[in-house]
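Starting from the known structure of chain A, arrange chains B, C and D on it as the hints suggest.
There are 4 protein chains.
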Amino acid sequence: MFLLKPRWSDLDAYSHVNNVTWLEYLQEARVDMLLVHAPARGAESLADAVLVVRAEIDYRRPMVFRQAPYPIEMWVSKLGAASFTVSYEIADSATDGPRVVYGRAATVLAPVDMASGRPRRLDQLERDVLKRFLE
Amino acid sequence: MFLLKPRWSDLDAYSHVNNVTWLEYLQEARVDMLLVHAPARGAESLADAVLVVRAEIDYRRPMVFRQAPYPIEMWVSKLGAASFTVSYEIADSATDGPRVVYGRAATVLAPVDMASGRPRRLDQLERDVLKRFLE
Amino acid sequence: MFLLKPRWSDLDAYSHVNNVTWLEYLQEARVDMLLVHAPARGAESLADAVLVVRAEIDYRRPMVFRQAPYPIEMWVSKLGAASFTVSYEIADSATDGPRVVYGRAATVLAPVDMASGRPRRLDQLERDVLKRFLE
Amino acid sequence: MFLLKPRWSDLDAYSHVNNVTWLEYLQEARVDMLLVHAPARGAESLADAVLVVRAEIDYRRPMVFRQAPYPIEMWVSKLGAASFTVSYEIADSATDGPRVVYGRAATVLAPVDMASGRPRRLDQLERDVLKRFLE
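Order-wise, the sequence lines are chains A, B, C and D.
Note that the numbering used here has the first sequence beginning at 2, numbered continuously upward.
Note that the numbering used here has the second sequence beginning at 2, numbered continuously upward.
Note that the numbering used here has the third sequence beginning at 2, numbered continuously upward.
Note that the numbering used here has the fourth sequence beginning at 2, numbered continuously upward.
These aren't lab readings, by the way, just hints derived from the structure by calculation.
These numbers come from a predicted model, not from an experiment.
There's no promise every hint is true.
[To be verified] Distance condition first, Cα-Cα at most 30 Å in a straight line; then the derived BS3-like pairs of lysine-lysine:
| hint | chain 1 | residue 1 | chain 2 | residue 2 |
| --- | --- | --- | --- | --- |
| 1 | A | K79 | A | K132 |
| 2 | B | K6 | D | K132 |
| 3 | B | K79 | B | K132 |
| 4 | C | K6 | A | K6 |
| 5 | D | K6 | B | K6 |
| 6 | A | K79 | A | K6 |
| 7 | A | K132 | C | K6 |
| 8 | C | K132 | A | K6 |
| 9 | D | K132 | B | K132 |
With the rest of the complex left out, here is chain A (with noise of 0.2 Å):
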């Protein structure tokens, strides 16, 4: 669960969270994972090049600028040979009532080389970490 806390000026002309942003509140809380918490579990290397492949996001309901923070939640979703899938949701629980899912959303991404740029496998230690992030 990663915490984002809206900034004023993510808001856009129409007063809410502009739908760009949205990718980049994920990218804070993917970069939290890659850049934290897989590092401090030995797998330092996914906090190098890895890159974004493809993304897909769906918005159920606007965010808006709020004291609250907007809580994410992540996971692997899928692992392959060179690639990983990390799924998102970003929704507020609901201690009485039904949650409130703002959108949903996932990104592909791949380790890169970082000498020559070039796509490579994830090696056993990264699959070892990223494994435990898995659903």
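This is chains B, C and D only, laid out in the frame that chain A set:
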């Protein structure tokens, strides 16, 4: 064809146009179509709130900071009763040799009633204008 | 004291928080003061259009992406008839040793009449609320 | 003269180009001068790390989203031993009638040694190139 001039501020820490910013590029292209070209043809209503309900994008090659603008082709790829899909291709055209495709994307858009904020059907004039953008 | 958590997307191609983004940080701090704290004390009008008419900022040390938020102290440093100045200091407090100052800034703000868009004088309630933020 | 095309995404919740984004506009103009024009004249070193150590800006009239780009004039207004000041004016030129000035600004810039990250003096070639931009 929309020409998008990259800004130095579009670069992220990897010196590439950040993947999130690609969606901003598409948004600028779409705004040009909906706020400028569609109203000029009589569909002012499309310039008001049209929500993005879904976006998907495939990244092929990195975009960098350069003097030449990036060409964005866009067209209406699907026209429904209460939504329509705009597809995009960011590519350098080749005078001789193959085209360089940076990425392809699609966004599903839904008009909303300004007063109630609720989704509404496309009216006949809007459909007529959007038909001209059909592939 | 406002705590601003840096985002990875705040970094520019030099891997520093871009100098432009520093102003965004100040804006978030100011919005917190004017949209949240001032209305809570009875000056709702300060939450409406208050224009920035001047900004100045001195950059001392680069800010980077880190887990700990950057503390921003701000105070009203000048209170005029039709404008006021908010000063800022971004600095890590030191429990033992000297404080690390990243930068200092000031913005001159002027309330505008929402209907006409023209500058207007600060009223008595606004002045009373702003006085509490005087250094 | 640098021509800056506004983006719809530059607008804030007040439908104006956000005051922070003005600094981004100046940055784009400056990058054009330092990364494109200065290197073309032999001062490649100015394209490397030149830090912004101070910025000040006066806002006169709001900028909005429009088709016509905003013209930004800039010039070196002060040339020191280890820093220089670039001044800017954003204004529509008037063919007949008074010019419309949106704002004026200045940024103090200091070259840094790339290896050590420490400030350094401007060398003779850099000074010669910058002199051509002196008002």
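| query | Taking each numbered hint in turn, which are not upheld by the structure, reported in ascending numerical order? | reply | Number 9 only.
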